[in-house]
Each structure stands twice: as C-alpha cells, then as structure tokens.
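All chains, please: the whole structure from these sequences, using the hints.
Note that UniProt numbering has the sequence shown beginning at 1, numbered continuously upward.
If you are wondering where the hints come from, they were derived from the structure by calculation, not from laboratory data.
Check before you lean on any hint, since a few could be wrong.
Think about it this way: if two alpha-carbon atoms lie no more than 27 Å apart in a straight line, the pair counts; the simulated DSS-like pairs of lysine-lysine are [as the list claims (entries may be wrong)]:
#1 K167 / K180
#2 K165 / K184
#3 K167 / K179
#4 K180 / K165
#5 K165 / K182
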Amino acid sequence: MTANKIDAVSISTSAVVDDQIVPSGGDSYHTIEPDLEPENDHMEAGFPYSTTRRKISFTSIEVREYPILPGDNPAGFSGVPVTIDWTPLEIASCSVDEYEATKAPPRNAMELRMPPNYRRDLLQQLGFSRSEILSSLKHANLVRNQRRRTFETMHLSLVQEAVEKVKRAALNATIRRAKKSKEKQLLESFTKTKFMSKPSVKVDSSHSLETSVDTDDESLGHHMFDETEKKMEQSPSLFRHNHSIMIR
Numbered sequence: 001m002t003a004n005k006i007d008a009v010s011i012s013t014s015a016v017v018d019d020q021i022v023p024s025g026g027d028s029y030h031t032i033e034p035d036l037e038p039e040n041d042h043m044e045a046g047f048p049y050s051t052t053r054r055k056i057s058f059t060s061i062e063v064r065e066y067p068i069l070p071g072d073n074p075a076g077f078s079g080v081p082v083t084i085d086w087t088p089l090e091i092a093s094c095s096v097d098e099y100e101a102t103k104a105p106p107r108n109a110m111e112l113r114m115p116p117n118y119r120r121d122l123l124q125q126l127g128f129s130r131s132e133i134l135s136s137l138k139h140a141n142l143v144r145n146q147r148r149r150t151f152e153t154m155h156l157s158l159v160q161e162a163v164e165k166v167k168r169a170a171l172n173a174t175i176r177r178a179k180k181s182k183e184k185q186l187l188e189s190f191t192k193t194k195f196m197s198k199p200s201v202k203v204d205s206s207h208s209l210e211t212s213v214d215t216d217d218e219s220l221g222h223h224m225f226d227e228t229e230k231k232m233e234q235s236p237s238l239f240r241h242n243h244s245i246m247i248r
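Rendered as structure tokens:
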C-alpha cells in the first residue's frame, strides 16, 4: 500500500441467495422479495403467506484506494487539513474469508491521529507545492478564527444588546429627531381626529346645577364631569330628592 493512498473497504452486494449467485455493483442496493405464494399446508392452516426461510451470504469484498488531497475542513486545531478525492485509483476484490484472514488488526485512536507536521510532510511527499498547501491552510485558519471569535463573544451578547439600544436612542435624539417629531405630529393629529367630541353635562334637581362643556379636547370634558361628581359628594343634601344625571 503506497503512502499517497487511503484504503476504503466496502462489501459488494454479490451474494448467494438460495444457492444462486446474485451479482450487482459495489455501491448498489437490491431488494430480494420472498416467495409470496402460499403452500398447501399453510393454506389449510389459514396462513396467508409462505413461511419458507431464505438465506443470504456475501461472497466478495472490494478494497478501493483513494488519493490524498489538501482539504478545507476547519475541525482540526491547527495545520493544513487533508481529504480524499472522489475517484479511486485502484479497486481490488477478494473473498470475505481471504479478507478476514489477511486484514491487519484495528488501530486505536492514537494510531489514527495525524499531527499537523505529519499532514504537511505527507502532502509535500505527494508532490503538492508550498503555495497549494499554504492556500488550503489559510482558508482553514479563516474559518477557525471565525469560530473562535464566536465562541469567545457568546457571553457578551447581553452587553451587545445594551450597546445597540443606546446607539438607537442616540440616533433617535440627534439624526433621526426630525423624522421622529414628524411621526409624532401625524400620530397626534390622527388621535385628535378620531376622538374629537363635544360632551355636555347637565344635572337637574330641586337645586339645579348645570355645567356645559364645548371643547375639542376629550380630557377636558372628563375633567369637568369629575368636578361635578365631587360637588355631589360634598353636598349630598342638594341631590337627595328627584335628581338625575344626563350625559349627551
């Protein structure tokens, strides 16, 4: 196995189904439908389908070797990333028994680890130029720095929101003041037009008390009505008999 290749093992779908070989491509998926015709004994017993068991076994394994390229994955802490190409260099086939008998023992996490210096030296041995390696490293470092800044400023989100509020308030008080004033005037004119009224309050009793209000301001009418109610509470004897309050 050369240094510029990575082994990718895939089990092909060439299989034996009921002692019959069913060949197919290495990455294809095939469905084997069971025999749905019932047998006579199961029909008599009321079974709607056959319970005949089918067996399947794999016959071959494909080993594909892919070339190594400079990558762009920023998941590593430092160094240039590496990846593999889409097109395999070689495809070898062997039986399952042969593969199980000759395969190497599985590697642990430390053996699978590729330090930054190892990745850089590996790409140089494969013939990649210094500029190609630096270009891939620069792209990965940009994304790493963005992720690092995002992580470092996550706890400052409340401070950033407060700064944005102060900034908006300062703009509204200076640059946007004329615009806000115009909006306020339009809103006030709309409110006055909608709630314009001429209330009239009249109190009839043995000692009549009349108060009339003609104004465009609704709050003034409510104020005069409140004053009338206060006088009624202070002198209840004036309104003890035959009093009525009419509001038009």
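Results for each hint:
1. K167 / K180: Holds: K167 and K180 sit about 15 Å apart, inside 27 Å.
2. K165 / K184: 20 Å, holds
3. K167 / K179: 17 Å, holds
4. K180 / K165: 16 Å, holds
5. K165 / K182: Roughly 22 Å separates the two Cα atoms, so the pair holds.
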